[in-house]
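From just these sequences and the hints, can you work out the full model?
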Amino acid sequence: MSETIEIRWHGRGGQGTVTAAKVLADACLSGGKNVQAFPEYGPERAGAPLRAYNRISTKPLRIHAPVTNPNIVVVVDATLLDSIDVTEGAPDDAIFVINTVRSPEEIRKKLGLKDTQKVYTVDASKIALETIGRPLPNSCMLGALAKATGIVDLQTLLDDVKGSFGSKFSEKIIAANLEATRRGYEEVKEG
Amino acid sequence: MGKKLAVTGNQAVATAMKQINPDVCAAYPITPQTEIMQRFASFVSDGEVDTELITVESEHSAMSACIGAAAAGGRVMTATSSQGLALMWEMLYIASGMRLPIVMPVVNRALSAPINIHGDHSDSMGARDSGWIQLYSENAQEAYDNVIQAVRIGEHENVRLPVMVCMDGFIISHSIESMEFLPDEVVKEFVGEYKPLYSLLDVDNPVTYGPLVLPDYYMEFKRQQHEAMGNVKEVVLEVAKEFEKVSGRSYGLFEEYRLDDAEVIIVILNSAAGTAKDVVDQYRDKGVKVGLLKPRLFRPFPYKEVAEALSGAKVVAVLDRADSFGGFGPVYMEVASALTTNGARPLMLNRIYGLGGRDFMPEHAETVIEELKRVLDSGKIEKQKDYLGVRE
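So the protein sequences, as listed, match chains A and B. Each residue of the first sequence is one higher than the one before, starting from 1 at the first, in our numbering. Each residue of the second sequence is one higher than the one before, starting from 1001 at the first, in our numbering.
For the record, the hints were derived by calculation from the structure and aren't laboratory data. Each hint should be verified, as a subset may be incorrect.
Simulated crosslink set (BS3-like; lysine-lysine; CA at most 30 Å straight-line) [as the list claims (entries may be wrong)]:
| hint | chain 1 | residue 1 | chain 2 | residue 2 |
| --- | --- | --- | --- | --- |
| 1 | B | LYS1003 | A | LYS168 |
| 2 | B | LYS1188 | B | LYS1286 |
| 3 | A | LYS168 | B | LYS1304 |
| 4 | B | LYS1373 | A | LYS59 |
| 5 | A | LYS147 | A | LYS114 |
| 6 | B | LYS1233 | B | LYS1286 |
| 7 | A | LYS59 | B | LYS1286 |
| 8 | A | LYS147 | B | LYS1245 |
| 9 | B | LYS1304 | B | LYS1289 |
| 10 | B | LYS1373 | B | LYS1383 |
| 11 | B | LYS1241 | B | LYS1004 |
| 12 | B | LYS1222 | B | LYS1286 |
| 13 | B | LYS1373 | B | LYS1385 |
| 14 | B | LYS1003 | A | LYS162 |
| 15 | A | LYS59 | B | LYS1385 |
| 16 | B | LYS1003 | A | LYS147 |
| 17 | B | LYS1233 | B | LYS1188 |
| 18 | A | LYS109 | A | LYS189 |
| 19 | B | LYS1222 | A | LYS59 |
| 20 | B | LYS1286 | B | LYS1373 |
| 21 | A | LYS147 | A | LYS162 |
| 22 | B | LYS1304 | B | LYS1188 |
| 23 | A | LYS126 | A | LYS59 |
| 24 | B | LYS1245 | A | LYS59 |
| 25 | A | LYS168 | A | LYS189 |
| 26 | B | LYS1289 | A | LYS59 |
| 27 | A | LYS189 | A | LYS110 |
| 28 | A | LYS168 | B | LYS1004 |
| 29 | B | LYS1289 | B | LYS1373 |
| 30 | A | LYS109 | A | LYS126 |
| 31 | B | LYS1245 | A | LYS162 |
| 32 | A | LYS162 | B | LYS1233 |
| 33 | A | LYS59 | B | LYS1241 |
Nothing here was measured: the structure is a model prediction, and the numbers come from that model.
In structure tokens:
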């Protein structure tokens, strides 16, 4: 991969998408990279579509502008696939990581992806319900992203997911999120 | 060395304030106040600083309380943004006129109307004549470093003036970036203990602050403020040198980026300068002699030094994230003034960009460089002042 990796996250307000971008930044920083994490700023409403961005680089990052040609696209909410063009600006070698019940082949067809573009799917909402007990797919999507792209190793990611909860949450909630992250890593499917 | 963390600009500045540990901090605790104060208030509640935090009913009162505390001899800080800075306007002049070295981070955001909360330099540029020193910061690291240096600059005995440290709203204040913090004890030692020259609380040596001064002496006071500003450049460089020793990061009055042999130059400050530098590199790779000058110290403006740095330029584009309706952008006006003393002057363009948080994309920098190339070839400017990325 090139020296700077750009990621675009698509989610809905309240799903923890911006938090996921922040945790990924922390994990990549722990891995010795320069990082950026920022949402698309606008009115923040629960359920409204939002975008968040990451840049991960071996070089110091100077650019301060939204990502327009993402190497990696993460879709945290499958319902967005019907309303937003998540492929916009994605280069020919882009990687898509999608939270959906559907198979990578179905998603590839639905999005009209090129053969050179890769697609990974994981049923993160189901995993979140089974582990955390609430439909918060962000931890699971981080695990899936780590496996699909290799930008961070699982243990570093788990450490930073744990760190992101600080002292505000119970051991049970933290353990559930770590399990969701691990299952996302293990259950993501390539197609 | 310090610790590298991924933080927002607000976190970076709040941490600098914690490490500085001022005596008094007065702030209006509601929007347009920033997360800087929210975080700093937590440090106060958690006993991590000794600061007396005074929460007041308006930004005007916040600056008033800062003035009182600074005149009493305290090391005083506050933070503000946008409409908050606008409401402080009257008191800004009193802080500088009384020569009180208050340090105030400003998160640059637009002014209403229409209502907009996003990144824009209209707030601090409107305060450029208020007698405050102004430092501008490209990213969270620079904002953190500038806040720490601002304490030493403002309190220097040859200066004793308040300092604003500006960074872009949202683009820097709310975005997470990796940066390096200095250890607490290094900052503590760097800023040292504040020794006020004339404290109101020193009853053995009574002084008056803010007396009535009629036409017989008012002008001498104002002239002294200008003299004090005249000492700032030297102090900024002296403090930067010492800061480099503890941090390894070097600062000047402005940053010169690939200016050697540059025929066409972009002048731009704060976060968009980073984006533009990447584009300058792309054009340099193609053999275009383009460079960039990023102002850091905007008040006092280093006219002579900027003129020298731009002496080889044939065409200069000054980009402003604030406008003067019916006039040129504020950075343009300073750069144009600086160049009046140069024998061979470059052709100059002013481009207004990014008002109200509109993104400054690499394509905007490309548009400017392409235009600079055209002007270089033709020797003709079509529009001296224009707007980037705006609907016509």
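A quick look at each hint next to the structure:
1. Between LYS1003/B and LYS168/A the alpha-carbon distance is near 23 Å, which keeps this suggested pair within the 30 Å criterion.
2. Distance check on the hinted pair: LYS1188/B and LYS1286/B sit about 47 Å apart at the alpha-carbon level, beyond 30 Å; violated.
3. At most 30 Å may separate the alpha-carbon atoms for a hinted pair to count; LYS168/A and LYS1304/B exceed this at roughly 54 Å.
4. Between LYS1373/B and LYS59/A, the direct Cα distance comes to roughly 29 Å. Compliance with the 30 Å bound is thereby established for this hinted pair.
5. Between LYS147/A and LYS114/A, the direct Cα distance comes to roughly 21 Å. Compliance with the 30 Å bound is thereby established for this hinted pair.
6. Our distance criterion of 30 Å between C-alpha atoms is broken by LYS1233/B and LYS1286/B, whose separation comes to about 36 Å.
7. Taken as a hint, the LYS59/A and LYS1286/B pair is honoured in the structure, with Cα atoms around 21 Å apart against an allowance of 30 Å.
8. The suggested pairing of LYS147/A with LYS1245/B is violated, with an alpha-carbon distance near 42 Å, which exceeds 30 Å.
9. Proposed proximity of LYS1304/B and LYS1289/B is supported: the alpha carbons are some 23 Å apart, at most 30 Å.
10. Annotation: proposed proximity of LYS1373/B to LYS1383/B holds, straight-line Cα distance about 14 Å (limit 30 Å).
11. Between LYS1241/B and LYS1004/B the CA atoms are separated by roughly 22 Å; this keeps the pair inside 30 Å, and the hint holds.
12. Pair hint LYS1222/B plus LYS1286/B does not hold up; C-alpha atoms about 50 Å apart against a cutoff of 30 Å.
13. Under the criterion of a C-alpha separation no larger than 30 Å, the hint pairing LYS1373/B with LYS1385/B is consistent with the structure, at around 17 Å.
14. For the hint linking LYS1003/B to LYS162/A, the alpha-carbon distance of about 20 Å falls within 30 Å, and the restraint holds.
15. At roughly 35 Å between alpha-carbon atoms, LYS59/A and LYS1385/B are farther apart than 30 Å, so this suggested pair is violated.
16. Our distance criterion of 30 Å between C-alpha atoms is met by LYS1003/B and LYS147/A, whose separation comes to about 28 Å.
17. The hinted pair formed by LYS1233/B and LYS1188/B meets the criterion: a straight-line CA distance of about 23 Å does not exceed 30 Å.
18. Under the criterion of a C-alpha separation no larger than 30 Å, the hint pairing LYS109/A with LYS189/A is consistent with the structure, at around 15 Å.
19. This hinted pair does not check out: LYS1222/B and LYS59/A have alpha carbons roughly 47 Å apart, beyond 30 Å.
20. The straight-line distance between the Cα atoms of LYS1286/B and LYS1373/B is roughly 13 Å, inside the 30 Å bound, and the hint therefore holds.
21. Between LYS147/A and LYS162/A the CA atoms are separated by roughly 18 Å; this keeps the pair inside 30 Å, and the hint holds.
22. For the proposed pair LYS1304/B and LYS1188/B, the alpha carbon gap of about 34 Å is over 30 Å, so the pair is violated.
23. This hinted pair does not check out: LYS126/A and LYS59/A have alpha carbons roughly 38 Å apart, beyond 30 Å.
24. Between LYS1245/B and LYS59/A the CA atoms are separated by roughly 23 Å; this keeps the pair inside 30 Å, and the hint holds.
25. With a C-alpha separation of about 33 Å, the suggested pair LYS168/A and LYS189/A falls outside the 30 Å cut-off, and the hint is violated.
26. Between the alpha carbons of LYS1289/B and LYS59/A the distance comes to roughly 23 Å, so the proposed pair stays at or under 30 Å and holds.
27. Restraint check for LYS189/A and LYS110/A: the C-alpha separation of about 16 Å stays at or below 30 Å, so the hint holds.
28. The straight-line distance between the Cα atoms of LYS168/A and LYS1004/B is roughly 23 Å, inside the 30 Å bound, and the hint therefore holds.
29. A C-alpha spacing of about 9 Å is found between LYS1289/B and LYS1373/B, which places the hinted pair at or below 30 Å, so the restraint holds.
30. Under the criterion of a C-alpha separation no larger than 30 Å, the hint pairing LYS109/A with LYS126/A is consistent with the structure, at around 23 Å.
31. Among the hinted pairs, LYS1245/B with LYS162/A is inconsistent with the structure: their alpha-carbon atoms are about 36 Å apart, more than 30 Å.
32. As the CA atoms of LYS162/A and LYS1233/B are separated by approximately 47 Å, the hinted pair breaks the 30 Å bound.
33. Of the pairs offered as hints, the one joining LYS59/A and LYS1241/B holds, with about 25 Å between alpha carbons and a cut-off of 30 Å not exceeded.
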